[in-house]
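K.L.:
Here is what each chain is made of, one letter per residue.
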Amino acid sequence: MSKVTFRIFRFDPANDPTPRYQEYEMPLEPGITLLNCLNKIKAEKDATLTYRMSCGSAICGSCAVRANGHAILSCKTQASELVKDGVIQLDPLGNTSVIRDLAVDLEPFWASIRKVKPWLMPDATDNPEKERLQSQEDYLKIDHATTCIMCGACWSDCNVLEVDKKFIGPAALAKAQRFIYDTRDVKTIDRLEEISEPHGVWDCTHCGECSTRCPTDARPLGRIEEIKQAAMAEGVHGNSGARHVLAFRETVGKRGLLDENYVPVRSVGFLNIPGLLGLMPVGLRMLWRGKNPPVIPHSVDKVEEVKKIYSRSEEFRK
Amino acid sequence: MKYALYTGCVAKGAGRELLAATNVACAKLGIELVEMTAAACCGAGVISEDNPMLADILNARTFAQAEEMGLPIMNICTTCQGVHRKAQIKLKKDPAYLERVNKELKEQTGLEYKGTVKVRHFYEVLLEEYGLDKLKSKITRPLNGYKVAAFYGCYAMRPHEYSDLQNPDNPDELEKIIIALGATPIDYAERLKCCGFPILMMNKTNAMKLTGNALIGAKGAGADAVVTPCPLCHLNLDAYQPEVENMNDVELKLPVLHIPQLVALALGASYEELRLKTHIVRPPAEIAG
Ligand code: SF4
Ligand code: SF4
Ligand code: FES
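Protein chains in written order, with the working numbering: chain A, 34 to 351; chain B, 32 to 320.
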């Protein structure tokens with residue numbers, strides 16, 4: 034068995050002036066998970082190493098860390114898959130503050146989940162004797178989101194959270210989808226309106242980190258798309274994100290291509306004077322360089338085919 | 032070698048220098064291109080936020096057009112490439128859905144998507160089909176000493192199942208091309224991050240922070256230029272650079288090149304041919320000297 038070096042982030046904010054990395058060498062037993070490696074290091078080499086764990090079976094969600102810069106669930110990952118030039122580097126989850134070593138403060142993560150009111154709000158006048166039943170078909174609409182184990186891997190690697198601590202974050206959005214699509218919940222429109230506010234669903238930049246890191250089927254980016262689809266279908270359009278979708282769809286339906294002059298203006302809002310002025314410097318700059326999009330936008334050949342497909346749009350929603 | 036060139040919207044609009052550079056690079060390489068003038072927008076992951084099936088039908092139409100031409104598709108935009116691959120994978124996984132999509136497509140256009148067309152980005156074509164050795168043999172102006180920071184763009188990598196990169200968590204495809212051209216790749220922390228373009232209209236501050244981090248990171252690591260395979264990243268990194276400078280109180284003046292421009296430079300293309308003067312941050316003239 035060849036030896037592997039575990040290069041692990043160590044920090045005790047109460048006693049250490051700055052974080053450091055500590056290295057532990059260990060042979061990898063075949064089939065060992067990263068979590069079991071941590072357990073071995075703690076049992077055999079250094080009892081002060083601090084990290085979270087409980088179930089060891091990818092259920093409790095407590096053992097997520099960053100390995101080689103990306104969030105993973107350590108009990109679900111084979112250590113051998115992580116070795117790079119003989120080294121596995123471990124860091125605490127990103128977008129958090131460290132309590133000690135690999136254990137982080139997840140309170141902002143939990144606060145984001147609470148914001149989406151993660152409980153069923155059924156029709157108050159309907160008092161069924163037993164439970165509220167759900168068809169298999171209806172259940173499948175929320176099947177993905179319900180698999181979330183609250184591990185925080187998505188939160189750790191989210192690109193928007195890196196620049197904006199107020200962003201609601203991917204796990205809360207997945208949780209919001211779970212209630213927006215629950216056919217027993219009657220607050221769908223209220224939920225869609227709340228999630229469409231600033232720092233909500235339209236602030237996601239589609240970086241795809243959340244779905245890539247998610248160890249379950251919750252895969253937040255897919256749920257984010259579903260929330261947006263519901264917002265569009267239910268007419269929750271009073272924000273720049275929804276207006277952008279409408280403008281985009283409209284111009285492609287007319288010409289087959291995007292009209293880059295029209296979409297920004299409609300997205301910002303025709304009556305939003307400060308917003309429109311904000312578009313001017315870049316517009317003038319591009320004009321000056323001869324880079325601005327053609328004023329009379331170009332259409333694709335056979336654009337009638339595109340229009341015919343568009344004329345059937347409503348059918349496609351069924 | 033012959034490809035159906037899918038231009039996407041930006042190369043026909045605010046990024047026309049990308050189309051010019053692609054044509055120059057491919058002519059010099061001996062890759063024949065037939066522009067898909069009847070193909071519609073891929074939807075950029077935006078149309079699907081409203082009507083996913085509409086987006087899938089538009090993309091199936093594009094694929095069917097290329098199948099009729101008997102040619103593989105070459106993309107020059109990472110976003111188009113990612114959206115196309117996602118559509119292909121979705122249609123392949125669900126035969127009943129493919130049938131529904133094809134029924135609509137046939138009724139409205141007479142076309143049918145058979146699921147055979149190969150879709151690749153320009154740089155993937157260079158690596159997988161053309162070959163770096165052949166590329167090297169065509170170089171007339173090696174970019175020696177030029178330090179280039181690759182910026183991949185999210186859709187090239189994530190979610191992983193739609194990526195054709197060998198290791199989407201730590202790709203080196205663009206770096207391999209940079210090295211083949213004689214230039215030096217620069218590593219920096221933001222290499223694989225989002226440029227923020229998708230939220231430019233919704234939260235400009237956040238979009239500018241993301242773009243700013245990438246530019247400042249690349250500059251700090253000593254890059255002479257950034258190269259990207261995504262014209263949307265290019266818009267944010269180049270056209271919005273003055274905003275980024277103001278917001279972060281830094282001077283950057285970091286040229287941002289499209290990957291076909293970088294390749295064409297090493298093949299001896301001129302400043303004019305590559306329309307480098309239309310960049311907001313104009314690269315120094317010596318680069319094409
Ligand atoms: S796709 Fe959106 S929510 Fe997911 S990690 Fe990226 S920015 Fe965050
Ligand atoms: S959505 Fe996935 S990555 Fe995020 S907390 Fe839930 S299980 Fe973890
Ligand atoms: S220890 Fe419970 S999920 Fe890993």
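Think of the hints as simulated: they come from the structure by calculation, not from any bench.
One should not assume that every hint holds.
No more than 27 Å apart at the CA atoms, straight line, and that leaves these computed lysine-lysine pairs for DSSO-like [to be verified]:
(1) 117/A x 73/A
(2) 149/B x 123/B
(3) 174/A x 235/B
(4) 340/A x 137/B
(5) 117/B x 351/A
(6) 199/A x 240/B
(7) 121/B x 149/B
(8) 124/B x 149/B
(9) 178/B x 240/B
(10) 117/A x 148/A
(11) 235/B x 148/A
(12) 335/A x 121/B
K.L.:
Confirm or reject each hint.
P.N.:
Here's how the hints hold up against the structure:
| no. | hint | verdict |
| --- | --- | --- |
| 1 | 117/A x 73/A | 20 Å, holds |
| 2 | 149/B x 123/B | 13 Å, holds |
| 3 | 174/A x 235/B | 33 Å, violated |
| 4 | 340/A x 137/B | 14 Å, holds |
| 5 | 117/B x 351/A | 21 Å, holds |
| 6 | 199/A x 240/B | 14 Å, holds |
| 7 | 121/B x 149/B | 15 Å, holds |
| 8 | 124/B x 149/B | 16 Å, holds |
| 9 | 178/B x 240/B | 24 Å, holds |
| 10 | 117/A x 148/A | 39 Å, violated |
| 11 | 235/B x 148/A | 24 Å, holds |
| 12 | 335/A x 121/B | 26 Å, holds |
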